[in-house]
Each structure stands twice: as structure tokens, then as C-alpha cells.
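Protein chains in written order, with UniProt numbering: chain A, 1 to 412; chain B, 1 to 412.
Hints are computed from structural coordinates only; laboratory data are not their basis.
Predicted model only: the values in this text are computed from it and were never measured.
A hint or two may mislead.
No more than 27 angstroms apart at the CA atoms, straight line, and that leaves these computed lysine-lysine pairs for DSSO-like [said to hold, decoys possible]:
#1 A:180 to B:398
#2 B:9 to A:410
#3 B:104 to B:8
#4 A:304 to B:301
#5 B:243 to A:301
Protein chains: 2
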Amino acid sequence: MATLSAQKKHKVTVVGSGNWGTTMAKLVAETVRENPTLFEETVQMWVYEEDVTISKDSRHYKGSDQPEKLSQIINTVHENVKYLPNITLPPNVVANTDLPSSCKDSTFLIFVLPHQFIARTCKQLEGKILPYARAICCTKGVDVSEKGIRLMSETIGMTLNIYCGALSGANIASEIAQEKYSETTVAYDPPPMDSRNPTPSGSPNASQVDLINPSKTTPGPRSAHLTPLPNEYPPLSHENVRKLFHRPYFHVRIVNDVAGVSLGGALKNIIALAAGFVDGLGWGDNAKAAVMRVGILEMVKFGKAFFGESSRTSTFTEESCGVADVVTSCMGGRNFRCAKMAIQRAQTIYEIEQSELNGQKLQGTSTAYEVNEFLKSEGMEEEFPLFTAVYNILEGNKKPENIPELIEPKYK
Amino acid sequence: MATLSAQKKHKVTVVGSGNWGTTMAKLVAETVRENPTLFEETVQMWVYEEDVTISKDSRHYKGSDQPEKLSQIINTVHENVKYLPNITLPPNVVANTDLPSSCKDSTFLIFVLPHQFIARTCKQLEGKILPYARAICCTKGVDVSEKGIRLMSETIGMTLNIYCGALSGANIASEIAQEKYSETTVAYDPPPMDSRNPTPSGSPNASQVDLINPSKTTPGPRSAHLTPLPNEYPPLSHENVRKLFHRPYFHVRIVNDVAGVSLGGALKNIIALAAGFVDGLGWGDNAKAAVMRVGILEMVKFGKAFFGESSRTSTFTEESCGVADVVTSCMGGRNFRCAKMAIQRAQTIYEIEQSELNGQKLQGTSTAYEVNEFLKSEGMEEEFPLFTAVYNILEGNKKPENIPELIEPKYK
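With the hints as constraints, model all of the structure from the sequences given.
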């Protein structure tokens, strides 16, 4: 009903154009065309400009070795030849190298940037976006340190003073770009700012910022400070947000638990290392499934301990961002493969990072250290025996063979 | 405390001596030795007698091709050379070919028989066991037909008029026999028959027989008909039952949900077929993780629909018998492998059963048909889109490529 009376449509910008960003832009460009009453047809994609030399093997080779601008290639041949080659983008994806211009007048911002670029990119957008814009963060991971836990969505939301949810799941970008079937979880639960658009959960203060461990993080924008969406726009309800992401090959489930969805994407990398360790020992599928199960329950416990009851068990045990992402990561992800290789070759994970990843750090090792530092400062290492075991194995304090005794539940 | 005053010890019999039965006998023979105040040292194992010709490669070859009795080999060389070769059994495992004699005076019976032998074996034991014996069924699967669902533990409990729980998990027998780390779930929740030994859940009527779909199955023994354990024995509490199964390499979690634990072991085979189909199509790890996740939630729904609220969500989403067994089965189990092969070779699953299994039926295909027949009779096929999709693919009514649309949630 509200849709019929709306005079404006939502403009969508994808902030980021890597492998996953370009995949999201392709997907969203498909959904906006399917929902023309809700969304403007053009999807802006912010591109960090690069010079690209098109190889002679490419169907786009023009007989010259002169480098071309990535944004121009995207806008002319409709392909991100550098980060998502061989996938044709819909023509309504428009590459824009000017960050504020790409976000101008957009009511919906989709952040898909590498972790380390989120804060500075948001800084550049401060005061240059619609005050009532909403965002979804598709970058996995959280910032964990001795000082506390900060969600990516929180960094975005607080810097820009807008509501920001999260999207995470068993989502290998290249498979989704090829339209192979997968699922995802969108966490979206804005506080009530607008009488037309009540909080889906019915909980009046269920903003993501209220989920943060209050003793450990800075307060973020409260609902009172957020600007309501004007009535001219269709509501950004669960139903309409789902329409922005759902495709026949990309099934979306929407939940309210932003903290859980964000934690899942970070903590699963620690579990993948544990699974790699036991698989490297040749312990078989029972053992691998066991560490995955124990790991999922430590995620649940972590959410409850540091984000309270608003972090729901089911986010980890029933959603794509939890159990399914753990499964995918432990079947063949990079953390799993490198941990397995370390055991099989009797090398440290650092030696593997050197030889296999040119010294690049695995997400799992950084997260294991960060989480351990945080748990130590909270005096809670023993409550998370698997996360602590992975840290101690990385540190050389324990052996992978010790995992069963380290995670064995204590009974009187 | 109760243990100190107990004058008798529990005698344990393992009914069955195949691959899994012999593994359970080995494991329990280890635990009883560790808990000498609770259990008698000797563990009886009922062996269906066979003549075995020991090969020249065996370390037990005596220079003669004469067949020997399997039970004698087990009792002299402490190895089940036929069903669990190269694993030494503790000497306190005693093979016994006489079924009633093997169970005589036993207070704890562990059933580990092939599905199809359970009913007739119990018939042979009728009236020949202690009336206050308790049992655990380690055979996976349930009997599903148009008429209803019957748990294996129910068949045992009703035939022998004793309490029977269930054990199930991500438990590939050969890995456990080699003492590779794994976990399991034991469902054990006897009704209160004995004031000394209250029901752990605190629910007065939580016998497994009360969990059965009341409209579809015959009533089983009620708590009033079960004989309490005499005071001379240590109580068969959760704690003591856990001691009978827990090992450093075999971690046990105890729950009350017999129906859930039993259903998990059956329904996971349907999920493994679905995972094999999408993997055979080359759809990658996202898709495989997605069908696993959807399948686990259909298990939850199935439990609730036919066993009521006593079937708990967490049994499927958090325990080894649920999520972990699904993971193991979808990583490399027989159902997964054959379904994948069928797609890759463009053959029917029946052709694969012929060529790869000598015509033996996969557990998954039988269960998919039985469950579909039951769901049809209940008018509930549409409520379980993945289970129904697998049936329709097996029948040739649908293609594996249709899975995403068949399981896509319907929104208004």
C-alpha cells in the first residue's frame, strides 16, 4: 500500500568493486530491474581507479598494450576484467570513481570493501550522503582487540550516523557471480525512527548499536539521532530489503541479529584452522565434524557473552552466516587448506603463509590472536576451549594432537 | 554416595558383533575397567556364529586353510578378524554365541545390530532378560511407513518391556576403532520408576514411548509397567551412563530427546543425497552448504511435526547426532558419493546401486521413499520441500537442477 503512494524510488550504490563488490553490484542490478516501483534502475558502483592492461587472451583486447582505466572498461564492455573476469555485468551497473558522487542521493549504500578500507572510506563520505540513507555491510569480520569488539556495521553506522545492517553467508563470490545456487543471511533491524516503518522485531531499542558490549565500546548513534526515511520513499521493510538481494540463485533470509551475523563471518575462520589441523593429522571426518560442531557452539557462547541475549543461538546454528559458512570454510577455504598443509608438511602456519601466500596473513590467524587477546583481558580463555586451543597451537604452546583433551567437557 | 552403598555392579552386554558392534564392545570394555565400582569387568558380546577362513596374510594364520569359528577367534586372539580386522580387543570382551546366555543377568544391553535383525533378536530375548534391565540402541534409522514412524529403541523397549534410549553421532566405526577423535550423542531419559533415580529432565512422563506420534503408533510400555532398578545397583543416572560410553577419544553428550537422536540418523541420508546431487552438478561449496542447512531445518520441523515439542531443535542443530552427522555424511558418505556419481555419469541412482553396490539399496533412497510415503499420507509433502525434492528427483519427476526453485521459501 505504502509503495503505491510513494513518489520517490530508492537509489542504490555499491561501495566497492573487488571480486565480491562487483558480484554484489551485478546481483543488485538484477533485482532493481525486477522491482521498478521500489528502486531506480541505475546502480552506482564506486570504483577505486586503476590502470589495467588488457591481456591478448581477453575478448576485449584491442590490439594495443596501452593501459586503460578500469572504470572505463567496466562502463564500456560491462565486465570487471581485473576482479571478476568473464562475467558480464548488466548495463545498469555504472562505475563511478568519485566516491561522494557515487553515493549522492542514494538511500541505500552497500559496503563491500576490504576490511582495512572501511573506516577511511566512511570518513570521506561524512556529511556527503543523505542523512536518512541506510546501509548494509557485506564485508566479513569484526575488529577485536583488548579494548573490545567493534562490528564493521558499527564503524559505518557511527561514522555516517546512519543505520547499518550486515550481510554474510556461505558465499564464495565467484560461485555467486556464475549464478550457482547459494544462500545468505541479511541482518537488518533498524530502530524505530519512522512511524510508517516499525522495527520488525517489535523490540523498541533493537538497534545494532545496542548490541555492543557496553563496557567495551563507545556508544554509537541511538535511534533518537537517526533521521527517519521521508514518506515519499517506499518503506525499507524486511520485505523490501529482501527484494533488493534475493535472486532465484541467491536465497535470502532476514534476521535481526547484526552482531551474530557479523561474528559468524569472523569466528568461522578460527574453526576452519582447527578443522584443518585435525584433517592434517589424518583423523578423518568424525573429528572434523566434531571440531566444527564444538566451534559453532563456541560462537553461540561468544555472542551471548559479549552481545547479550540479543545475539541469538539460531543465527549461528540455523542460518547461512553460521552453520553453512562454517561448513563451506571447513570444506576447502584458504584457512582450512593452509592449516592442513602446515600439519602435513610439519611446518608452522607462518612458514605456510610465506610459501603459499607470499607472506600475506591468513584471516584465521589474525582473528585467533585478536580473539585470544580479548578473551584474556576478560579472563575468559577457559570458557572458549577451542578458540584458545587454536591460539595455543599457533603459538607452539600446544600440539594439534592435544585438541581432544583441550576441548573435552569437564564433568564433576 | 549411592555408589558406595551399592552391593551389585552393572553387567553390560553388547548385542551384535559387526563392524560397529565390535567397536562398541571394545570401547565399553575400556570404560568398565575405568569404573570398577559401577560395572563388572567382563563385557559380553553376542556373536552370530560364522565359519571364518583366516587368510595367509593374517598375523593369526596357523598354516591351515581349515575354517575356524569366529567366536573362538575373538576369544583367543582378541580380534574380530572378519568385521574389525587389525584392531585388538581388550581381553574382557567375551564373545558368546548364545543370545539369551550373553544377556543373562545383564542390567545394561547395548543393541548394535543391522536394522532388519532388531525385531527378531528382541523376540528371542523376550522373558529371558532381567526385568529391570535398560538398553541403548546404537543402530541408526527409524521404521517409517504410511502407518507411522517407529523408532528402533521403541521396538526394543516394547518387545522387552524395558527402557531403551539411543546413541547416534558422526561416528564412522573404523575411525573410532582406531581411537581417532570423535563425538557422539546419547539420548537417555527413562521415566521415573525408582525414587532413587529421578528422570534427569524433571519431566514426569518423558519416556521415549510418549514421544511417538500418538495417532500413528501402538502404545508402548508406560512408566507404570517398567520395573524399577533394585537398590543394590548403582543408579543408571546420566552421569553413570556417560561413564559407560565416554572415552578421551570419544566424547559423549547426553540429551533427553530419543526421537530426535533417532530421526537424525535416518533423515541425514536424504540430505546426503541432495548434497551429492548439487555437488555432482559442479555447483560448489556454497550450494552444498545450503542444502545441508535447509536439510537440518527440515529435520527440526519433522521432529516437531510428528513428535511434538519433546523433539528439541537443539538435538538437530547443536548435537553430534544432528549437524555433525549431516556434515560427515555430506563430506564423503556412501549416499553422498553415489548421488554425486549418478549426476556425473548421467545415470539413475538405481544404475549406480547396481554397478557400485551390487544392487544393494542405499539407506538414503529407502528413507526418502518411506518418508515421502508417510508425508503423503499426512498431506504434508509441501511442508518438507527438500525431502520431497529428493524423492521427486529419484522418481524422475524433477531434475537436480530444479532444487533451488523447489526449496525456495515462499513469501507473499
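Hints and how they fare:
1. Proposed proximity of residue 180 (chain A) and residue 398 (chain B) is supported: the alpha carbons are some 18 angstroms apart, at most 27 angstroms.
2. Taking the CA atoms of residue 9 (chain B) and residue 410 (chain A), the gap is near 25 angstroms; set against the 27 angstroms cutoff, the hint holds.
3. Note on residue 104 (chain B) and residue 8 (chain B): the hinted pairing holds, with a Cα-Cα distance of about 15 angstroms set against a maximum of 27 angstroms.
4. Distance hint between residue 304 (chain A) and residue 301 (chain B) is fulfilled; the C-alpha atoms sit about 25 angstroms from each other, no more than 27 angstroms.
5. Proximity of residue 243 (chain B) to residue 301 (chain A) is assessed by CA-CA distance (about 26 angstroms); at most 27 angstroms being required, the pair is judged to hold.
In this structure, none of the earlier numbered hints is contradicted; all agree with it.
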